[in-house]
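Asks: The primary structure of each chain is shown beneath.
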Amino acid sequence: MTAPVKGPRVEEKLYQNRYQVDAGKPHITVAPHDTPSPNLLAMTRICPAGCYAQNEAGQVEIVADGCMECGTCRVLCEETGEITWNYPRGGYGVLFKFG
Amino acid sequence: MADEKFDVIVIGAGMSGNAAAYVAAEKGLKVLQLERGEYPGSKNVQGAILYADMLEKIVPDFREDAPLERHLVEQRFWMMSETSHTGMHYRSDTFNEDKPNRYTIIRSQFDRWFSGKVREKGAIVLTETTATELVTGRDGAVIGVRTDRSGGPIYADVVVLAEGVNGLLGSRAGLRERPKAAQVALAVKEMHFMPRETIEARFNLDGDAGVVIEAAGTISKGMAGMGFVYTNKESLSVGIGCLVSDFAETGETPYGLLDAFRRHPSLRPLLADAEIKEYAAHLIPEGGYRAVPQLFGDGWVVVGDAGQFNNAIHREGSNLAMTTGRLAAEAIFQVKTRRQPFTAENLALYKRMVDDSFVMKDLKKYKDMPRLLHTQSSNLFLTYPQLVSKAMEDFVRVDGTPKLEKEKATVRNFVRTRSWTGLFGDAVRLARAWR
Ligand SMILES: Cc1cc2nc3c(=O)[nH]c(=O)nc-3n(C[C@H](O)[C@H](O)[C@H](O)COP(=O)(O)OP(=O)(O)OC[C@H]3O[C@@H](n4cnc5c(N)ncnc54)[C@H](O)[C@@H]3O)c2cc1C
Ligand code: SF4
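As you go down the protein sequences, you meet chains A and B in turn. Position 9 of the first sequence, counted from 1, bears residue number 9 in our numbering, the numbering being contiguous throughout. Position 267 of the second sequence, counted from 1, bears residue number 1267 in our numbering, the numbering being contiguous throughout.
Isolated chain B, as found in the complex (with noise of 0.2 Å):
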């Protein structure tokens, strides 16, 4: 393999390097991808919820081979506090469509599929095999890389760096920063197995359709997090995540967050009698527009969580992997057929068709939402969860008190834990943010 030179080298098999290597592929470009886990998807983890249109944009066909868990007819927000949630649900039997829009899938196991199809595509898949460094020609571009194989370097006209939100090679070679505290969460997830009927039962649901809890408030103990269940086949994906600056601040333990969550008195009884099978960590980049680094350079560019494309608000990730993944592929398609060199200059049109994607225009949509979270973290996770709570209580709660002193009463708790001003700012911070 020494003397091979190929037209692309992707670094990663996760979500955005299996897009890139299997379009890079199907266009017939000569494709080496290098992954470091036993096995593709054997050091990812995810929540996970998989978006159609973006992979079908990729594999049109993928729901006649592709390991999917359930698909999503309902999704509940729960704002939680010690003792109660308060929660939205929205349920609708439009879902159940012939091509359904989301589903729960499970990694590792999605992982391995999706890299099948990357080899029927004609790609080299190299797994067990640890890019160490970028290999750089004398004008400073990058030509190939070094890995922990014997043997000498592998050279490339392009690097696809889909290293992920932990990718050392590209902040080693001082392409882009390390990840900040601030810009990244930490998240733990684990298994929890059980019957499929029992499933089924909990959550009011017919077959193979599925039910998504997406959670914040006091469980994140007034750090910028969230907690969810999705739920699988014959599992129960359960985890829960905050920024590394606030655990940092906090010194609270990540595992003591989740035992707390799934104790919690709204979850305990979903979560009954489950063998748990796996507890898993990993980082989610958090950063959004603003901590968007360089995404091309001289031979190379950069897909996937390790350009931060991530949209936090919306726990979206691995669409816009896999969507960055494609346009690179494309793009270093397109260069290639005009026979240009790979320089920056011609690599910007992968940045370009970014840009011009979902991806940028929804980051860009809540730029200012990182600061906020992270600025207002108390009240928006702790403050507010514990007054939205007790408003329910007295709401719900009937004891021959008149109704109107209620709403007076949960007037003056709202002022008087956070005041009119700091309330009105809050607000207004937040739909600026939003919109």
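If we strip away everything but chain A, and leave its shape as in the complex, we get (with noise of 0.2 Å):
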């Protein structure tokens, strides 16, 4: 598996970001899947941090440390079971600094 790419606008955007990241627990996953579906390609490219991108197969794949947990891609893609989301642990995640 190759890893997602980023769009570097969003990556410098997210870089002024102060995270606490839990290391090894993701609070999104992604099921495993041979074609996404429509919603869940558009989240390539509508997630605001970015987090999910195509790998060379065709199936999404998400790296949610840059996420805000704005909840985007859970409206979208969790009532079919695409993927699993939770809140960070408490204290973990993205940390706004103004809001």
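Just so you know, these hints were derived from the structure itself, not from any lab. Treat the hints with caution; some may be incorrect.
[Said to hold, decoys possible] Within a straight-line C-alpha distance of at most 25 Å, the following computed DSS-like cross-link-like pairs (lysine-lysine) qualify:
(1) B:K1233 with A:K97
(2) A:K97 with B:K1117
(3) B:K1005 with B:K1027
(4) B:K1180 with B:K1367
(5) B:K1117 with B:K1233
(6) B:K1390 with B:K1221
(7) B:K1336 with B:K1030
(8) B:K1364 with B:K1351
(9) A:K97 with B:K1005
[What the hints assert, rightly or not] Residues from chain A shown here face chain B by an in silico Cβ test under 10 Å; the list is partial:
(10) E12
(11) V21
(12) N39
(13) T72
(14) V75
(15) Y87
(16) G91
(17) G93
[To be verified] Covered by chain B, per the in silico footprint, the following chain A stretches (three or more residues, Cβ under 8 Å):
(18) 43–57
(19) 76–83
A quick note: this is a predicted structure, and the numbers were derived from the prediction, not measured. All C-beta atoms, glycine included, are put in the ideal place defined by N, C-alpha and C.
Two independent chains are provided; combine them into the complex using the hints.
Replies: Set out below in structure tokens:
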């Protein structure tokens, strides 16, 4: 599997933010699939943190480190079981200085 | 804490949770409040305009020490095309009053202040604690919560779900549905810092006075959405949001929209040379009246964004959150004082109080608006702004064309693009939804 690639512009933006990453405990996971649904595929464009990307085999993967916990992917993809969505453990995740 | 029982457990220390915890503790109830963030506000995002009246009803002397940025003296509405904006500005010196009506705030600072007030009233506030599950008794009534801290469940007479638009607890327990893609907007926001003198010069401001710009038009690329620029003391909040269902359909990137918005020729000079210090994203409930879920049941009530209390047309949410939080605490206190059990029947008092307040009346007024914005988005956010821009340009540009000819061309332009019946239908639909 290749690591998902993020657009440089988002990465630059996320660089400003503070995170407390809960290493090894991702709060969002993508279920194994052959072909992503239109909604899951859309996440590669509309996740505001650019967490989703398509690998060479066409499946959608997530690296949730830059996640801002907005819930957009939950709204679009949780119901069908394509992703599992939880809040990070208390105190972990994004820490907005201004909000 | 395990064997201690509380009168009220409040989930979340945002606007609604802090209002509920503050009022409940002030009335002498034993309150526990749980917040998953490192500090209250660390997870929260807002524009942000604070409405004084609704906070004053909870903390009357908030102006003495609340972290307020600027009181607002001017509101600009911009209808934007690619190269222009047509604006309406309202500015009045009467807003420079003793007790101003609206302020800008910075949420993480404001929430920390509000939480301090909640603690002063005697509530126990536990941060870095995520509530993971509601605990129900044998009869199905909510009797407490489990958290991600070690130890067993914590019990209370009533749980106030103030968990925000993306609240997991209530939807997991089947008390309400998960928000639908057409009922929530995804907003992204940046904080642009610059010296206060620069802000005051660029926005024509004295001292702590402030300006807000609400912008709509081609900036949302035909999606139902809005952009905003709010002045703080030493920063500008710049953001844009559109319905999640529209994002999914168009595949537009939120950061792409935000970048295009701030590079718009009408905005660029206002934002020049700013230092950007944060990028945030959050959902906003936009479903309005028809999306409000069941608000109470045996042992629980839901307040704020979790209850879809948001007036998308007027960009009001925090005041509805504070008001529903306050009313929930007042209702719980009344039930307690009458020594009644916290059944759905008795907690229905909360719903009656919300129905009687401006909250439900305002939402009801605009009950058809979300559907209209959704179905007519490409006309309202793309076609009309372009038509208006062209009409304005023709009106203003002096080029030797007789005025009558210009007016006729403008009308032709509108009719060609939308047809008479289309224009008429749009006008009637808009007027109906507004009423
Ligand atoms: C970009 C943007 C601009 C806005 N602009 C304005 C504006 O100008 N004026 C206005 O009035 N409104 C505005 N709003 C709306 C306003 O922010 C919301 O209506 C308001 O914050 C809702 O308050 P709340 O308490 O219901 O939810 P929130 O403020 O979201 O608080 C929910 C809290 O619950 C916590 N939480 C959630 N789940 C758990 C759990 N399981 N355990 C522990 N804690 C939990 C969260 O960490 C959070 O602190 C804006 C919103 C956005 C996104
Ligand atoms: S919650 Fe929001 S930021 Fe996080 S992965 Fe999902 S869409 Fe991206």
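Asks: If a hint holds in the structure, say so; if it doesn't, say that too.
Replies: Now the hints, each set against the structure:
1. This hinted pair checks out: B:K1233 and A:K97 have alpha carbons roughly 16 Å apart, not beyond 25 Å.
2. Distance hint between A:K97 and B:K1117 is fulfilled; the C-alpha atoms sit about 20 Å from each other, no more than 25 Å.
3. With a CA separation close to 17 Å, the supplied pair B:K1005 and B:K1027 stays within the 25 Å bound.
4. In summary, the hint linking B:K1180 to B:K1367 is supported, as the alpha carbons are separated by about 16 Å, within the 25 Å threshold.
5. Distance check on the hinted pair: B:K1117 and B:K1233 sit about 23 Å apart at the alpha-carbon level, within 25 Å; holds.
6. Taken as a hint, the B:K1390 and B:K1221 pair is honoured in the structure, with Cα atoms around 17 Å apart against an allowance of 25 Å.
7. Using a Cα cut-off of 25 Å, the hinted pair B:K1336 and B:K1030 holds, with the two alpha carbons roughly 11 Å apart.
8. A distance of roughly 14 Å separates the Cα atoms of B:K1364 and B:K1351; the hinted pair therefore holds under the 25 Å criterion.
9. Of the pairs offered as hints, the one joining A:K97 and B:K1005 is violated, with about 34 Å between alpha carbons and a cut-off of 25 Å exceeded.
10. Taken as an interface hint, A:E12 checks out: its beta carbon lies about 9 Å from the nearest beta carbon of chain B, inside 10 Å.
11. Interface restraint check for A:V21: the shortest CB-CB distance to chain B comes to about 13 Å, outside 10 Å, so the restraint is violated.
12. A hinted interface residue such as A:N39 counts as satisfied when its beta carbon comes closer than 10 Å to some beta carbon of chain B; here the least separation is about 6 Å, so the hint holds.
13. Interface hint at A:T72: satisfied, since its Cβ lies 5 Å from the closest Cβ of chain B, which is below the 10 Å cut-off.
14. Among the interface hints, the one on A:V75 holds; its C-beta lies about 5 Å from the nearest C-beta in chain B, closer than the 10 Å criterion.
15. For A:Y87, the shortest C-beta to C-beta distance to chain B is roughly 5 Å, which falls under 10 Å, so the interface hint holds.
16. Because the closest C-beta pair between A:G91 and chain B is about 3 Å apart, less than 10 Å, the hint holds.
17. A distance limit of 10 Å between C-beta atoms decides the matter here; for A:G93 the minimum to chain B is near 8 Å, and the interface restraint holds.
18. Chain B is given as covering the region 43–57 of chain A, and this holds because 5 residues of the stretch bring a CB closer than 8 Å to a CB of that chain, at least three being needed.
19. For the region 76–83 of chain A, the stated coverage by chain B holds: 3 residues have a C-beta nearer than 8 Å to a C-beta of that chain, and at least 3 were required.
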